[in-house]
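Just so you know, the sequences run in chain order A and B.
The opening residue of the first sequence carries number 1 in this note's numbering; numbering runs sequentially from there.
The opening residue of the second sequence carries number 263 in this note's numbering; numbering runs sequentially from there.
Worth flagging that the hints you see were computed from the coordinates, not collected in a lab.
Chain B regions said to be covered by chain A (calculated; three or more residues, Cβ under 8 Å):
1) 266–275
2) 278–285
3) 289–300
Now the in silico label distances, taken between C-beta atoms and shown as ranges:
4) B:S269 to A:P151: 44 to 52 Å
5) A:V13 to B:T332: 27 to 35 Å
6) A:V13 to B:A267: 24 to 32 Å
Note that CB positions come from ideal geometry on N, CA and C, so glycine has one too.
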Amino acid sequence: MPAPDSNSVLASVRRVLLIATQTLADALHLRLTLLLGVAGVLLVLMALWLRDFNFGTVELKFLADFGLGAIGLMGILLAALATAHLYFSDITSGTIGCVLTRPVRRWEYMGGKLAGVSALLALFVAALALVLAAVIAVREAQLGAMLAPLPVFLQACALVWLKGTLVAAMTLLVCSYAGSALFASCAGLLLAVVAHLQAFTEAEGWRSVLRLWPNLGMFDPDLLLAGGGLTVRDLLALAGYWAVFMLLLGGLASYVFKHREF
Amino acid sequence: MGRAAGSDVARALVGYLPESARFAPPQTGRGFLRYCAGLSSLPAAKAAQRVEAVLAWAGLESAAERKLATWSKGMLQRLGVAQAIVHEPAVVLLDEPASGLDPEGRLALAKLIRGLAGQGRAVVFSSHLLAHAEEICDRIAILGRGRLLAEGTPAELLGQGWRPAPETSPLEKLYLEKVGARA
Numbered sequence: 001m002p003a004p005d006s007n008s009v010l011a012s013v014r015r016v017l018l019i020a021t022q023t024l025a026d027a028l029h030l031r032l033t034l035l036l037g038v039a040g041v042l043l044v045l046m047a048l049w050l051r052d053f054n055f056g057t058v059e060l061k062f063l064a065d066f067g068l069g070a071i072g073l074m075g076i077l078l079a080a081l082a083t084a085h086l087y088f089s090d091i092t093s094g095t096i097g098c099v100l101t102r103p104v105r106r107w108e109y110m111g112g113k114l115a116g117v118s119a120l121l122a123l124f125v126a127a128l129a130l131v132l133a134a135v136i137a138v139r140e141a142q143l144g145a146m147l148a149p150l151p152v153f154l155q156a157c158a159l160v161w162l163k164g165t166l167v168a169a170m171t172l173l174v175c176s177y178a179g180s181a182l183f184a185s186c187a188g189l190l191l192a193v194v195a196h197l198q199a200f201t202e203a204e205g206w207r208s209v210l211r212l213w214p215n216l217g218m219f220d221p222d223l224l225l226a227g228g229g230l231t232v233r234d235l236l237a238l239a240g241y242w243a244v245f246m247l248l249l250g251g252l253a254s255y256v257f258k259h260r261e262f
Numbered sequence: 263m264g265r266a267a268g269s270d271v272a273r274a275l276v277g278y279l280p281e282s283a284r285f286a287p288p289q290t291g292r293g294f295l296r297y298c299a300g301l302s303s304l305p306a307a308k309a310a311q312r313v314e315a316v317l318a319w320a321g322l323e324s325a326a327e328r329k330l331a332t333w334s335k336g337m338l339q340r341l342g343v344a345q346a347i348v349h350e351p352a353v354v355l356l357d358e359p360a361s362g363l364d365p366e367g368r369l370a371l372a373k374l375i376r377g378l379a380g381q382g383r384a385v386v387f388s389s390h391l392l393a394h395a396e397e398i399c400d401r402i403a404i405l406g407r408g409r410l411l412a413e414g415t416p417a418e419l420l421g422q423g424w425r426p427a428p429e430t431s432p433l434e435k436l437y438l439e440k441v442g443a444r445a
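Build out the structure end to end from the sequences listed, making use of the hints.
Below is the structure:
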C-alpha cells in the first residue's frame with residue numbers, strides 16, 4: 001500500500017534528510033575523509049614550523065592565514081572528491097536503483113547528497129578550525145597578543161565552509177551527466193579553479209562571462225581577519241549570493257539528473 | 263494497476279531488486295533496511311516492525327547488525343529481496359536475482375520467491391538460468407532483441423508432457439551434501 005503522506009512537503013524533507021544522513025554516514029567511513037583530515041591537521045600544525053618565513057606579516061596573522069588556507073584547500077579537495085565518490089558509489093553498488101524506484105524525487109536525491117556532503121564539510125572545517133584555534137591560542141598566550149575576536153574567526157571559518165559547499169555543488173552538477181567519478185572530481189576541481197579567476201581578470205569581457213559562475217574569491221577569509229569582520233549587511237549579502245548559486249547549481253544538477261537513465 | 267508509470271503511487275506499489283546489487287559496505291543489514299523503509303515514507307513504528315519482519319522472513323536476523331561488507335553474496339541477494347518488499351508492494355521486480363549464487367543461495371532465493379507468490383504478490387524476474395525459471399515460474403516470457411517471442415505457462419510452452427523440474431539437480435544434491443548444507 002502507498003504511504004499516505006508520500007506527497008507532502010514534510011515527507012519530502014524527511015526523505016532529503018534521510019539521504020543526507022546516509023550520505024554523511026558513508027562519507028565518514030571513507031578513507032579519503034580520514035586522509036584529508038590528517039593532511040589538514042599536519043598542514044595547520046606546519047604553520048608553527050613555517051612561522052619564521054612569514055614575509056614580514058605579524059606572526060598570529062600568518063598562522064591564521066596559513067591555517068585557514070590549509071583548511072580551505074583540504075575542504076575544496078574533500079568537496080570535489082567526496083561528492084564524486086559518494087554519487088558514483090551509489091550507482092556502481094546498485095543502491096541508486098533501490099532509492100529511485102521508491103517515491104523519491106530526483107531533486108530529493110540530489111538535495112540529500114548535497115546536504116550530506118555539506119554536513120561532512122561542516123564537521124571537517126569545524127574539526128580543523130578547532131586545531132587551528134588551539135595553535136593560535138597557545139601562541140597568543142606566549143606572545144601576550146591577540147589575533148582577532150572569536151566571532152571574526154568563526155566568520156572566517158564559515159566562509160571556508162561556504163566555499164567548500166559551492167565546490168560540492170559544482171561537482172554534483174558535473175556528476176549529473178558524467179560517466180565516472182574520476183572525471184567528475186577532476187572537472188569539479190577545474191571548475192573550482194575557474195571560480196577563483198574573477199579576481200585575476202582585468203578584461204571586462206572575461207569578467208562578464210565569469211560573473212555567470214560563482215566567484216569563490218569573495219569567500220577568502222584573509223581580508224576578513226585583517227579588516228575586523230563582516231557587517232551584518234555584508235554577511236547577509238554574501239549568504240544571499242551563496243544561496244542563489246547553491247540553488248542554481250543544485251537545481252541544474254537535479255534537472256540534468258532527472259533525464260538520466262540508469 | 264491503473265496508475266501512471268513513475269507516479270508516487272505506482273512506485274509505492276512496486277518493489278525492485280537491481281541486477282548485481284552490492285550495497286554500501288559501511289552499513290549493517292538492519293540499517294540499510296531502515297533506510298529503504300524510510301525512503302518509502304513508512305511511519306517510524308511501522309518501518310521498524312516491517313524491518314524486523316522481513317529480516318526474519320529472509321533468515322537474516324542473526325546477521326542484521328553485521329556490516330554488509332562481511333556478508334556473503336547469497337545473503338546480500340536475500341537482503342536485496344528483503345528491501346524490495348519492506349514497504350509491502352503488490353508487485354516485485356527482480357533483475358537476475360540468482361546470478362552468481364551458489365546452489366545453496368539459489369535454493370534459498372527460490373524459496374523466498376515462492377514465499378512471495380504465496381503471499382499474493384506478483385513476482386516478475388528476469389533470468390538467464392532457464393532451469394531456475396522453469397523450476398519457479400507459473401508463467402514464462404521469452405524475450406529476444408527487444409521482442410516478446412513466446413509467453414505462457416511452462417505446460418503451454420513445452421507441451422502437455424512437461425513435468426516440473428526437480429528442485430535440485432543430482433549434481434546440486436551432491437554439492438549440498440559435500441558442503442554440509444541442507445536443501
